[in-house]
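Chain A is fixed; fit chains B, C and D onto it per the hints.
Residue numbers (my numbering), protein chains in the order written: chain A, 47 to 226; chain B, 47 to 226; chain C, 47 to 226; chain D, 47 to 226.
You may find that some hints are simply not true.
Copies of one chain are not kept apart here, so a pair can be met inside one copy or by any two copies together.
Using 27 Å as the maximum straight-line C-alpha spacing, the simulated DSSO-like pairs for lysine-lysine come out as follows [unchecked claim]:
id	residue 1	residue 2
1	Lys99	Lys183
2	Lys99	Lys186
3	Lys62	Lys116
4	Lys99	Lys114
5	Lys204	Lys58
6	Lys183	Lys60
What the hints contain is simulated information worked out from the structure, not anything from laboratory work.
Protein chains: 4
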Amino acid sequence: MRFVVGVMGPAKAKKKDLENARILGEFIARRGWVVLTGGRDVGVMDAACEGAKRVGGSLTIGVLPTAKDKVSRHVDVPIITEMGSGRNNINVLSSHVVVACGLSGSGTVSEVALAVKAGKPVILVEASAAEVAFFRKLGKRLISTASSPEEAIALIMKQMEGRRRPVRPAEHRDYDELSM
Amino acid sequence: MRFVVGVMGPAKAKKKDLENARILGEFIARRGWVVLTGGRDVGVMDAACEGAKRVGGSLTIGVLPTAKDKVSRHVDVPIITEMGSGRNNINVLSSHVVVACGLSGSGTVSEVALAVKAGKPVILVEASAAEVAFFRKLGKRLISTASSPEEAIALIMKQMEGRRRPVRPAEHRDYDELSM
Amino acid sequence: MRFVVGVMGPAKAKKKDLENARILGEFIARRGWVVLTGGRDVGVMDAACEGAKRVGGSLTIGVLPTAKDKVSRHVDVPIITEMGSGRNNINVLSSHVVVACGLSGSGTVSEVALAVKAGKPVILVEASAAEVAFFRKLGKRLISTASSPEEAIALIMKQMEGRRRPVRPAEHRDYDELSM
Amino acid sequence: MRFVVGVMGPAKAKKKDLENARILGEFIARRGWVVLTGGRDVGVMDAACEGAKRVGGSLTIGVLPTAKDKVSRHVDVPIITEMGSGRNNINVLSSHVVVACGLSGSGTVSEVALAVKAGKPVILVEASAAEVAFFRKLGKRLISTASSPEEAIALIMKQMEGRRRPVRPAEHRDYDELSM
Chain A
47 MRFVVGVMGP AKAKKKDLEN ARILGEFIAR RGWVVLTGGR DVGVMDAACE GAKRVGGSLT
107 IGVLPTAKDK VSRHVDVPII TEMGSGRNNI NVLSSHVVVA CGLSGSGTVS EVALAVKAGK
167 PVILVEASAA EVAFFRKLGK RLISTASSPE EAIALIMKQM EGRRRPVRPA EHRDYDELSM
Chain B
47 MRFVVGVMGP AKAKKKDLEN ARILGEFIAR RGWVVLTGGR DVGVMDAACE GAKRVGGSLT
107 IGVLPTAKDK VSRHVDVPII TEMGSGRNNI NVLSSHVVVA CGLSGSGTVS EVALAVKAGK
167 PVILVEASAA EVAFFRKLGK RLISTASSPE EAIALIMKQM EGRRRPVRPA EHRDYDELSM
Chain C
47 MRFVVGVMGP AKAKKKDLEN ARILGEFIAR RGWVVLTGGR DVGVMDAACE GAKRVGGSLT
107 IGVLPTAKDK VSRHVDVPII TEMGSGRNNI NVLSSHVVVA CGLSGSGTVS EVALAVKAGK
167 PVILVEASAA EVAFFRKLGK RLISTASSPE EAIALIMKQM EGRRRPVRPA EHRDYDELSM
Chain D
47 MRFVVGVMGP AKAKKKDLEN ARILGEFIAR RGWVVLTGGR DVGVMDAACE GAKRVGGSLT
107 IGVLPTAKDK VSRHVDVPII TEMGSGRNNI NVLSSHVVVA CGLSGSGTVS EVALAVKAGK
167 PVILVEASAA EVAFFRKLGK RLISTASSPE EAIALIMKQM EGRRRPVRPA EHRDYDELSM
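Looking at chain A on its own, in the form it has when it is part of the complex (with noise of 0.2 Å):
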């Protein structure tokens, strides 16, 4: 089984916010892990997914919220749920680690939301202080940030190392009992 980062975060993202979900796609596909997105051809989805594209052999799925949605042309396997904004949940429950890059959008902070609910690990990616404020409050341990790209993957990396056996989705809840 592959391992899954979701990279979450505006449909209109600020430049800032595009070129670090460029550069995580990329990060990620190098290390052969899998990027997932919301599929849709804008803002962070899109970019993710590009910054994984420029690597050989990468894999990247988009969870996209209906049949009539532009999708990422960046995207490998576009997952149709059908189910607007409810897929924002499966975004989520399909990513060992959710990554957003802004949270300037409604869709995401449900995203990063839902993610505390499911107990997966959050890293939030040059967030302000009082978005970080306001997750931590209500993800505690779930939740940690980074200042770039690289500490992000750095930070999974390190989250990875903490875990004993491989990955399996029956364990996603054990990342509850993980500080990262």
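Okay, now just chains B, C and D, sitting in the frame of chain A:
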């Protein structure tokens, strides 16, 4: 078609949030509106329905995560989604307005974010300054605040006056245009 | 908690199926039970709700595929799922018993199959011999047949008598054990 | 974007259905296509993925009902929906073509019905005359039959030749127009 008020809040709620939810439920029911909650037998979900059922002829709908959850005995019609937290999106889509009593739970935070995403008006009851600032940044005109259940009801009444036509789901998105 | 009867059937229904659905809706409402349908303003969904609303104090719930669908004007509370046909599973999970008026639609067939999967009793009204044989093979004791709305109601009554305790969703699966 | 073949079938499958699924999975993988299944470690789901993983560089996606289900060890990327049987709709929406190996399970029957509803082509492998008649009545041109995995693959190839442009999810509905 009935007017539906979604009352959201933590499963592990503070005493004050529970009391607010109970009063809100009762006030909503007295107006002849439907109370919609997450349906479980705990926290704000349970309290809002309990308040509503103090009123003869009231109607409470509970949108349950799974068939195994214990249903509040104050729910008239449980909608079983078998969707876990994915049902949070249904809660907000099916409510004409969402009232949050307490934001200490990740499920409730996801619901407020999803409500903003869906263009639904949200009323935060007794939220902290930091919480209000966080969601105002996200939802702008959709977010209003109330310092009591009475004030929340007054806000909903005022909002309804602004509506010209009868309530139809197709018009849910019109709320985007309302300033409450 | 109210007893909920799901009435399913094609959007493009035959005249006979519509008439059966209308009578069923009325009979269900007279018993004080809730009518649950797919909620749209067409076919069996619309007819069943129309029949129910002939009865004072009746309650009709419509579980809609998307926020853009036209809701039957006979629906009291629309549940907006934004899930397309994924909502079919919610329809059957939220009903204590499912009655199918016409099996010419793929949506209805999926609902009967999902009802069997969920262990819900299904009553096929005026189904063809081939249809009955197909679903009997699939659902064994869960599938019963009725040649009229009256007979469907009688079957539900008989089934309810067999129940010892009040209806709770947690007991939905108990229906597996019932022979109707 | 990769071409995705959904292989559906019962959890408690006959020996013949399992063998068909295994061969199908292998043939699909050899073509460079993605195998998508319900992801659990049993029946046709497991067998199709097992067949695919005999081929180097193959990709198997499993769309799981819940986070608690045991995932087939032949699944590369599990998509966790937490939706129970509601995930059946995602299975068919995310597949360009659906192949059913065995129709003895209610879940599989719901998937074929939902595929027809979504306008997806369905290939029934070694189905009985009654089953073929039932689904032909429902899905007309969308339903084709194969007496072996080889014939199923040939049908998919033939269908792909009829396509002028590369595969995009937005075109999924175009299959309505194809006669296979």
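The hints, checked one at a time:
Within a single copy, Lys99 and Lys183 get their C-alpha atoms no closer than 36 Å, and across copies no closer than 33 Å, so neither meets the 27 Å cut-off. For the homomeric pair Lys99 and Lys186, neither the shortest alpha-carbon distance inside one copy (34 Å) nor that between copies (36 Å) is at most 27 Å. When the C-alpha separation of Lys62 and Lys116 is checked against a cutoff of 27 Å, the pair qualifies only within one copy, where the shortest distance is 23 Å, while the shortest distance between copies is 40 Å. For the identical chains of this complex, Lys99 and Lys114 are intra-copy neighbours only, at 23 Å inside a copy versus 32 Å across copies, given an alpha-carbon limit of 27 Å.
Neither within a single protomer nor between protomers do Lys204 and Lys58 lie at most 27 Å apart by alpha-carbon distance, with minima of 31 Å and 32 Å respectively. For the identical chains of this complex, Lys183 and Lys60 are neighbours both inside a copy (25 Å) and across copies (15 Å), given an alpha-carbon limit of 27 Å.
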